[in-house]
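Please take these sequences and the hints and turn them into a complete structure.
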Amino acid sequence: MLRGKHILLGVTGSIAAYKAAILIRTLVREGAEVRVVMTPLAKEFITPLTLATLSRHPILVDFFDPEDGRWNSHVSLGEWADAYVIAPATANTLAKMACGIADNLLLTTYLSARCPVFVSPAMDLDMYAHPATRANLDKLRGMKVTVIEPGEGELASGLVGKGRMAEPEEIAEAVGTWFRNQKKKNLHGRRLMVTAGPTREAIDPVRYISNHSSGKMGYALAEELAARGAEVYLVTGPTNLPVGKGIHRIDTVSAQEMYEKACEIFPQTDGAVMCAAVADYTPAEVSDRKIKKEDGSWSLELRPTHDIAAELGRIKENRLLVGFALETDHERLNARSKLERKRFDFIVLNSLRDAGAGFGVDTNKITILERDGSCTDYPLKSKREAAGDIADKIEKYLS
Numbered sequence: 005m006l007r008g009k010h011i012l013l014g015v016t017g018s019i020a021a022y023k024a025a026i027l028i029r030t031l032v033r034e035g036a037e038v039r040v041v042m043t044p045l046a047k048e049f050i051t052p053l054t055l056a057t058l059s060r061h062p063i064l065v066d067f068f069d070p071e072d073g074r075w076n077s078h079v080s081l082g083e084w085a086d087a088y089v090i091a092p093a094t095a096n097t098l099a100k101m102a103c104g105i106a107d108n109l110l111l112t113t114y115l116s117a118r119c120p121v122f123v124s125p126a127m128d129l130d131m132y133a134h135p136a137t138r139a140n141l142d143k144l145r146g147m148k149v150t151v152i153e154p155g156e157g158e159l160a161s162g163l164v165g166k167g168r169m170a171e172p173e174e175i176a177e178a179v180g181t182w183f184r185n186q187k188k189k190n191l192h193g194r195r196l197m198v199t200a201g202p203t204r205e206a207i208d209p210v211r212y213i214s215n216h217s218s219g220k221m222g223y224a225l226a227e228e229l230a231a232r233g234a235e236v237y238l239v240t241g242p243t244n245l246p247v248g249k250g251i252h253r254i255d256t257v258s259a260q261e262m263y264e265k266a267c268e269i270f271p272q273t274d275g276a277v278m279c280a281a282v283a284d285y286t287p288a289e290v291s292d293r294k295i296k297k298e299d300g301s302w303s304l305e306l307r308p309t310h311d312i313a314a315e316l317g318r319i320k321e322n323r324l325l326v327g328f329a330l331e332t333d334h335e336r337l338n339a340r341s342k343l344e345r346k347r348f349d350f351i352v353l354n355s356l357r358d359a360g361a362g363f364g365v366d367t368n369k370i371t372i373l374e375r376d377g378s379c380t381d382y383p384l385k386s387k388r389e390a391a392g393d394i395a396d397k398i399e400k401y402l403s
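Taken in order, the sequence shown gives residues 5 to 403; the numbers are from the numbering used here.
Be a bit skeptical, because a hint or two may be false.
[As the list claims (entries may be wrong)] Straight-line C-alpha distance at most 30 Å; calculated BS3-like pairs for lysine-lysine:
1. Lys-188 x Lys-397
2. Lys-400 x Lys-320
3. Lys-369 x Lys-189
4. Lys-189 x Lys-385
5. Lys-320 x Lys-188
6. Lys-320 x Lys-342
7. Lys-397 x Lys-265
Derived by calculation from the structure, the hints in this document are not laboratory data.
Following this line, the structure appears as structure tokens:
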């Protein structure tokens, strides 16, 4: 959610200022452009050179450059930013923000900012618990400033309690969540099922047949649909991925288990997205004991699994059905054949020939083929961004 966003980071004079370097790295890794404004005291805790190197922009501290007199416009900074994040935010800075005091560039920029503002307090536990600080934070919340609560633990004073600046990953997540929640809830009231991940077909109690699917694309799509207001049922094979809040997760292992759950849930929904990499074949017999290695070759008889997508296509009636196709040869021809055979409304194609697409990676390059013959190519993007493109198409169909 932060790709392409302009994030202005304000750093104040706190021992936690070292975390600002990690926060910049995190935001940049998420695709944001970061600029930094510091208070004069913040320079005593971390050097502007460090933050300039990480953000790839000059650090702003004073109202003007003392060497050439160039003005650092707080108005321009406020207009540039999509979000203003002040981390660490000291008790002194929070008090000045609450009272509208503007005695440094960081604070004048705050008063000029037209974007959402986030503060991540960092101070000793007694300062954080003081009624004046609590009142200032409440006042800022009333001004629509988002307060990212500090954590508990050992503080610089040696005391243990609440006052530690939130971890950089938590701050980045809070900002990303804010942007995610601003999306229109165009899918509110809709119930959608997403299948994701691989299946495992047991050979014996130790071994199984599977594939390289990580489930990342399906999980990203489930989260994107949920962010747009849909009630999402995620029917997933075995993965190591966490699931977002509000998503109904249904765990399965084998293709048969996924088939049964998908057929049970689909009639209760407005549609489904078949993103799982389901095994086409499963062992004809499963040993109840570990098969021991012996000399010579060994043959394994396989039988076809139930075709989940084909069955849902057969019973779909007026429901939306979206398919996925991962191909290595004759990609569009094979995808369009699958689109017709399984009665998909549209199909998402990705090719293992494309660098950055396919299994295990965080990016994808997709093409959407529709029943009317149209075809839309998308550039390489993060899987969450690709999920946004697919969700846009789903919204169009459901509207």
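Against the structure, the hints:
no.: 1; hint: Lys-188 x Lys-397; result: 15 Å, holds
no.: 2; hint: Lys-400 x Lys-320; result: 18 Å, holds
no.: 3; hint: Lys-369 x Lys-189; result: 26 Å, holds
no.: 4; hint: Lys-189 x Lys-385; result: 23 Å, holds
no.: 5; hint: Lys-320 x Lys-188; result: 27 Å, holds
no.: 6; hint: Lys-320 x Lys-342; result: 16 Å, holds
no.: 7; hint: Lys-397 x Lys-265; result: 25 Å, holds
No hint from the list above goes unmet by this structure.
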